[in-house]
Amino acid sequence: MPVTDAHRTIDAVWKFESARIIAGLTRMVHDVGLAEELAQDALVSALEQWPESGVPDNPGAWLTAVAKRRAIDHIRRSQRLERRHEQLTHELDQPQDPERDDVLRLMFVSCHPVLPTDARVALTLRLLGGLTAEEIARAFLVNEPRIARRIAGAKRTLAEEQVPFELPDESELPGLLSSVLEVIYLIFNEGYSATSGDDLMRPGLCLEALRLGRLLAELAPYEAEVHGLVALMEIQASRSAARTGPTGEPVQLHEQNRGRWDPLLIRRGFTAMLRAREVGGTPGPYVLQAAIAVCHAQARTPEDTDWTQIAALYAALARLLPTPIVQLNRAVALGMAHGPQAGLDLVDSLIDDPALRDYHLLPSVRGDLLARLGRYDEARLEFERAASLARNVAERAFLRRRADELVVTPASDGTPASDGTPVSGVALASGVTLAEAAQDFLGRGDLDPETIRSYGQTLRRLRLTLGDRMPLDSLTADQVARVFATAWGEAAATTWNRHRSAVRSFGAWASLDDLAGGLDRRAETRPRTETISAAQLDVLWSRPGLPLRERTLWRLLHESAAGVTAALSLNVEDLDLEDRRARADGTWVSWRSETARLLPHLVAGRTRGPLFLAERRPGPSRMPAAADLCPQTGRGRLSYARAEYLFKQATKPLDPAGDGYTLRRLKPRD
Amino acid sequence: MRYLMISKDSGAAPDERLYVEMGKFVEELTAAGVLLATGGLEAGGVRVTSSGEEITVTDGPFAEAKEAVAGFALVEVRSKEEAIELTRRFRKIVGDGESVIQQVFGP
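These protein sequence lines are chains Y and F, in that order. Residue numbers for the first sequence follow this note's numbering, beginning at 13 and rising by one. Residue numbers for the second sequence follow this note's numbering, beginning at 6 and rising by one.
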């Protein structure tokens, strides 16, 4: 067999088998990063041997056997040979069906919430999809080293955080499962509505997501939301061919040629939906979104669409996920079910939401509703804004065209053109637009480069939000104030004031003197970290079952006002229990009665090494420096990330935003 | 990308072992999200031919039974190599005979 053919075959085999192999190895060595290295070793062996020997009869079994041998070799080489070996023999003797569960475990690990979202995505494509860093990089239009670093960082974090290779118990399951679903849907969406670049779709990513979703549905068939997600993706994917026109421009759902929807995928979507219903329970967000997709798929023509049902489903979804995006979709449904004004009322309540500040679909939806109400001038400006905000080339062109369709050459007497299309008024009549004025203002030659840059930022935001073709003389202080509230309402006072002075300068130049009239100058104070209230701390301290290590660390941080890094760097031998203080990072950390009461229990007879220890011993490939290792227990020093994660988890119920607090906020106000 | 794999009738009667292994294979591919549709086809069938304005409908069976398609699988894969690999596994299970894989365009 020619070498290149063999390599392509090996790649295909690898993509089918790698998840299972890595999952099985992780169960042996308890470290995803190491497991993947060992699996890669097996792949290298295949690349060396198969071109010569031919592809073995059962290539998956061959790779698994080689990888397992490597794992056993590795474990034998590592220090605790005896004990580990016994454990290993024991594990290898276990019945072999955990394989399926292993892949599920691997999914939970690679989507674990300790990892940042983009790392979860990259790691999942890598470990579960068998994609190379290069393939992932190409799909996401970033360079390969960045993806490689992201994956390496994710593996390191998983090892440091000692994320267990286990199926979550009932209390953890909802959180971890929703993280897995989120990652899969993110991958799908990145493929389905490519957020950047020239193509509207990257079908490869959709396929990866569908495969992951279908796999998960087999591994966790008792979860309705899993089937809901699969149904949602199958039905959305069924419209792939119909949602772009000949030149790659988007075709909106109600204008799509339904004959081009893929009936096979629709049927698969319906089947997945039936499975979700069989599982039962209160419908979650994915089941609801799938139900909406089903409504569309069932309509033979756009006019047949049951918008009342869809609006009701969106209302239910908005109760579970009250996000502005869901509300925006609900507005579209309301607009169809109960007329454009109903939709517009809801959209108008979303305009000032900072989360939608740069979201092109807000002005696009608003423009649509305005156009249906006959308010063409406003509609056109909204499409202009939407076009400036769209990051995708095809979508931007489409929005420009929608704006242009609302502009016709005005008849000389200013009456509407004979075909009934509206005459644009303002921008054409009054000359100077916001974009032209901004360019003239910045280009007038007496500004230094730094000022141009700074003013440029302010004006760019105004142009993005209000639209380039906004006529300058219709610009009001009220509009400016709304842009400011959305864009910089939460920003530091210095930022606010900087943009404010830019508007004042621009207003003076353009003879629109009161342009900054709605903007108050803000007092500039140093921002500080809010501390946790005494009442909340009481709740925290009185929580039953709080582990001793956490209780001690948190009390120490609160009583000593020490930095988190300093506290974690404390060693047992540095403690002066008598004087209630210790030397750390060149300063003294001192504490009070509660910490003093807890510390002896935590030290528990240890004489040296890190005060705060990780839960387990580090894996053989992640051995920390001797100074960060407890000589008695062999465990490593507790990491900042892990300590922070645990505190966030513990304080989630206290935090009105539901995010949990950072450890720094334990520091008392002085 | 999608590939349609069609397999020709080998004439050999399927045994118990084949049913079990094929069941396992189909289950595995479905779980992996690869297999979109599959099925076996009746022997013979109906032949519809057109020539000019004329449409002729002929009931089977037909003489050249060995060339008849006996089953199909529609798979969604990343590459031709993946389609070949799946077909290779399929052939390992069913024994001597012939399958053809072709990329599917559309819908």
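It is worth saying that the hints were derived from the structure and are not from the lab. It cannot be assumed that every hint is accurate.
[What the hints assert, rightly or not] In silico DSS-like cross-links for lysine-lysine, where the CA-CA straight-line distance does not exceed 30 Å:
#	chain 1	residue 1	chain 2	residue 2
1	F	Lys97	Y	Lys80
2	F	Lys29	F	Lys85
3	Y	Lys664	Y	Lys679
4	Y	Lys80	F	Lys29
5	Y	Lys679	Y	Lys660
6	F	Lys29	F	Lys13
Each hint tested on the structure:
1. F:Lys97 - Y:Lys80: Since the Cα atoms of Lys97 (chain F) and Lys80 (chain Y) sit roughly 25 Å apart, the hinted pair holds (cutoff 30 Å).
2. F:Lys29 - F:Lys85: 23 Å, holds
3. Y:Lys664 - Y:Lys679: 18 Å, holds
4. Y:Lys80 - F:Lys29: It holds: about 24 Å lies between the C-alpha atoms, which stays within 30 Å.
5. Y:Lys679 - Y:Lys660: Given pair Lys679 (chain Y), Lys660 (chain Y) holds - Cα atoms ~15 Å apart, limit 30 Å.
6. F:Lys29 - F:Lys13: Status holds; Cα separation ~21 Å.
In summary, this structure violates none of the numbered hints.
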